[in-house]
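Every letter in the sequence shown is one number past the one before it in my numbering, and letter 33, counting from 1, is 33.
Any given hint could be a false lead.
Per label pair, the in silico range of CB-to-CB distance [unchecked claim]:
| id | residue 1 | residue 2 | range |
| --- | --- | --- | --- |
| 1 | Val6 | Lys44 | 23 to 33 angstroms |
| 2 | Ala31 | Trp61 | 46 to 56 angstroms |
| 3 | Pro23 | Lys57 | 17 to 27 angstroms |
| 4 | Leu22 | Gly58 | 37 to 47 angstroms |
| 5 | Val6 | Arg39 | 42 to 52 angstroms |
| 6 | Ser7 | Asn60 | 24 to 34 angstroms |
| 7 | Val67 | Arg39 | 25 to 35 angstroms |
| 8 | Ser41 | Arg65 | 45 to 55 angstroms |
| 9 | Lys44 | Arg65 | 25 to 35 angstroms |
| 10 | Pro40 | Lys16 | 44 to 54 angstroms |
| 11 | Leu37 | Ser7 | 32 to 42 angstroms |
| 12 | Ile46 | Glu10 | 31 to 41 angstroms |
In the DMTMM-like style, the derived pairs of lysine to aspartate or glutamate whose C-alpha atoms are separated by at most 20 angstroms in a straight line are [as the list claims (entries may be wrong)]:
| id | residue 1 | residue 2 |
| --- | --- | --- |
| 13 | Lys16 | Asp32 |
| 14 | Lys44 | Asp55 |
| 15 | Lys44 | Glu25 |
| 16 | Lys57 | Glu43 |
To be clear, the hints were calculated from the coordinates, so they are not data collected in a lab. No experiment lies behind these values; they were computed from the predicted model shown. C-beta atoms are modelled at their ideal positions from N, C-alpha and C, and glycine is treated no differently.
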Amino acid sequence: MYNYLVSTSELRREIKKAVDQLPAERLTSLADYVQFLSRPSLEKRIQEAEQALADGKGVNWRSVRSVK
């Protein structure tokens with residue numbers, strides 16, 4: 001269990017040690033989770049999307065048609 005009193009560098013070492021002990025089949029899901037944690041915050045993504053729309057970079061969803 002995580003000890004809230006350890007330094008960031010010690011915590012990183014503990015995490016790396018735990019990752020090294022994982023079976024290979026678990027690494028893909030761990031990589032997906034790390035990618036999820038690395039994404040910008042929802043607030044930042046909304047701001048970027050609103051700015052893109054303001055700059056005319058969006059596509060009107062009504063003009064998008066599905067391919068059959």
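Hint check results:
In this structure, valine 6 and lysine 44 meet the distance hint of 23 to 33 angstroms, their C-beta atoms being roughly 29 angstroms apart. One distance hint, 46 to 56 angstroms for the beta-carbon pair alanine 31 and tryptophan 61, is violated here, with the actual separation near 32 angstroms. For proline 23 paired with lysine 57, a C-beta distance near 43 angstroms fails the hint of 17 to 27 angstroms. For leucine 22 and glycine 58, the Cβ-Cβ distance of about 41 angstroms falls inside the hinted range of 37 to 47 angstroms, so the restraint holds.
Taken as a hint, the range 42 to 52 angstroms is violated for the pair valine 6 and arginine 39, whose Cβ atoms sit roughly 26 angstroms apart. At roughly 51 angstroms, the beta carbons of serine 7 and asparagine 60 sit outside the given window of 24 to 34 angstroms. The hinted range of 25 to 35 angstroms is satisfied by valine 67 and arginine 39, whose Cβ atoms lie roughly 29 angstroms apart. Between serine 41 and arginine 65 the Cβ separation comes to about 33 angstroms, which falls outside the hinted range of 45 to 55 angstroms.
For lysine 44 paired with arginine 65, a C-beta distance near 31 angstroms keeps the hint of 25 to 35 angstroms intact. Range check, proline 40 to lysine 16: Cβ separation about 24 angstroms, and the 44 to 54 angstroms hint is violated. Restraint check, leucine 37 to serine 7: a C-beta distance of roughly 20 angstroms breaks the suggested window 32 to 42 angstroms. Between isoleucine 46 and glutamate 10 the C-beta distance comes to about 35 angstroms, which sits within the given range of 31 to 41 angstroms.
Note on lysine 16 and aspartate 32: the hinted pairing holds, with a Cα-Cα distance of about 16 angstroms set against a maximum of 20 angstroms. This hinted pair checks out: lysine 44 and aspartate 55 have alpha carbons roughly 16 angstroms apart, not beyond 20 angstroms. Simply put, lysine 44 and glutamate 25 have alpha-carbon atoms about 33 angstroms apart, too far for the 20 angstroms limit, and the pair is violated. Restraint check for lysine 57 and glutamate 43: satisfied, since their Cα atoms lie roughly 19 angstroms apart, inside the 20 angstroms limit.
Violation of the numbered hints given earlier is confined to hints 2, 3, 5, 6, 8, 10, 11 and 15; the remaining hints are satisfied by the structure.
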